[in-house]
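> Okay, here's what each chain looks like letter by letter:
2 protein chains.
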Amino acid sequence: MPSVKDILIEMKDMSELMVDLAYSAVLFNNKAAADEVITLENRLNSMNYEIKKQSLVAARSLEDAEKLTTLLEIAEAAESMGNAAKDLADLTLKGFEPHPVFKMVMEESEKNIVRFKVYENSVLVNNSLGELLLLNRTGMRIISIRRGDSWIYGPDKNTVILAGDVLIAKGSETGTEIIEKLADGEINLEDLGNIEEFIDDD
Amino acid sequence: MPSVKDILIEMKDMSELMVDLAYSAVLFNNKAAADEVITLENRLNSMNYEIKKQSLVAARSLEDAEKLTTLLEIAEAAESMGNAAKDLADLTLKGFEPHPVFKMVMEESEKNIVRFKVYENSVLVNNSLGELLLLNRTGMRIISIRRGDSWIYGPDKNTVILAGDVLIAKGSETGTEIIEKLADGEINLEDLGNIEEFIDDD
Numbered sequence: 001m002p003s004v005k006d007i008l009i010e011m012k013d014m015s016e017l018m019v020d021l022a023y024s025a026v027l028f029n030n031k032a033a034a035d036e037v038i039t040l041e042n043r044l045n046s047m048n049y050e051i052k053k054q055s056l057v058a059a060r061s062l063e064d065a066e067k068l069t070t071l072l073e074i075a076e077a078a079e080s081m082g083n084a085a086k087d088l089a090d091l092t093l094k095g096f097e098p099h100p101v102f103k104m105v106m107e108e109s110e111k112n113i114v115r116f117k118v119y120e121n122s123v124l125v126n127n128s129l130g131e132l133l134l135l136n137r138t139g140m141r142i143i144s145i146r147r148g149d150s151w152i153y154g155p156d157k158n159t160v161i162l163a164g165d166v167l168i169a170k171g172s173e174t175g176t177e178i179i180e181k182l183a184d185g186e187i188n189l190e191d192l193g194n195i196e197e198f199i200d201d202d
Numbered sequence: 001m002p003s004v005k006d007i008l009i010e011m012k013d014m015s016e017l018m019v020d021l022a023y024s025a026v027l028f029n030n031k032a033a034a035d036e037v038i039t040l041e042n043r044l045n046s047m048n049y050e051i052k053k054q055s056l057v058a059a060r061s062l063e064d065a066e067k068l069t070t071l072l073e074i075a076e077a078a079e080s081m082g083n084a085a086k087d088l089a090d091l092t093l094k095g096f097e098p099h100p101v102f103k104m105v106m107e108e109s110e111k112n113i114v115r116f117k118v119y120e121n122s123v124l125v126n127n128s129l130g131e132l133l134l135l136n137r138t139g140m141r142i143i144s145i146r147r148g149d150s151w152i153y154g155p156d157k158n159t160v161i162l163a164g165d166v167l168i169a170k171g172s173e174t175g176t177e178i179i180e181k182l183a184d185g186e187i188n189l190e191d192l193g194n195i196e197e198f199i200d201d202d
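Residue numbers (UniProt numbering), protein chains in the order written: chain X, 1 to 202; chain C, 1 to 202.
Do not rely on the hints blindly, as some may be mistaken.
Identical copies carry no separate label here, and so any pair may be met within one copy or between two of them.
[Unchecked claim] Simulated crosslink set (SDA-like; lysine to any residue; CA at most 25 Å straight-line):
| id | residue 1 | residue 2 |
| --- | --- | --- |
| 1 | K52 | L162 |
| 2 | K52 | P100 |
| 3 | K5 | G154 |
| 4 | K67 | N112 |
Quick caveat, the hints were computed from the structure, so don't treat them as lab data.
Let's have the full structure, built from the sequences with the hints guiding it.
Following this line, the structure appears as structure tokens:
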């Protein structure tokens, strides 16, 4: 059984990711992002339930109860954020009528979010993010990794990419094409030599 | 009068920032972050009101109305996220009783958010983020800049830092100390020579 601490960290990370994905879903009419939001929302609900259950069992005194209340309020806030994100995702999945302003927002924004799978023959496989330096090389930041049913939020330089991982990355449209080709195994890191250098402070 | 497009982009950016700041406020008991959330929440409310007003004026046909509804739903979702963030900030400002688990979350998280002012004699002044390469040099990412009453969300390599700017940065505790000293004018970029190199794919 995961600890309250682990649940809380995951609820926080999950709700932040959902907010990001949901805006991307609705503004870029990105159904893949919307699907992820729905999956995450279901999980967030179960986690909120779990944290409530564990808190009620843990409370032994009024002082305990006071501390646990804060914890429950954070879980509630995470769920509220998740719900708002779900509303946006639902809009996308229902096939809404996009307002012309979205196209303008999209053109101005350099921060699309993409989701793609890493194939076995990809150069990314079995390398850490620290070794790959994808941000410098492609201008794309890996914000999360879905591995089977589990998630890695905010992966760091030591996180190793495995075949079958689903990466969620944020960045420009040019970067999207490059990183998807790397994940497909279509191109290697050496092929990036002629691509203009990206600045990391984006 | 700002356009609906500009309001929408700002509401999106603002609600994302509020979510980040609010979690930081409650988990790190960071009152400065909580104060920013409250300020942003007031602004978010006025923007939602503005977008509703402009939409009602703009609707000329049922088709118009359908497209405008989506826009209003996005604004509503942004406000819901903002409200959830405000609930967390309120908790911090009321002086809540922190659950011991927060300390554990804090110790595990490498992603505190800090807010600090840039002083006139700082090396950061009148330099662009692209020139400063703060992420590489300090491990801190500048996520937003408050300049007087206006905000720059997701500044890019061309964004120039001015004296008096309030920077919101995300990163490790070590990085926090370094970047605050740079902003105070206590140290220069050359003083960073002996600091271990940071990997940008954090």
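> Look at each hint and say if it fits the structure.
Here is how each hint holds up against the structure:
no.: 1; hint: K52 to L162; result: neither (34 Å within a copy, 46 Å between copies)
no.: 2; hint: K52 to P100; result: between (43 Å within a copy, 16 Å between copies)
no.: 3; hint: K5 to G154; result: within (17 Å within a copy, 30 Å between copies)
no.: 4; hint: K67 to N112; result: between (39 Å within a copy, 22 Å between copies)
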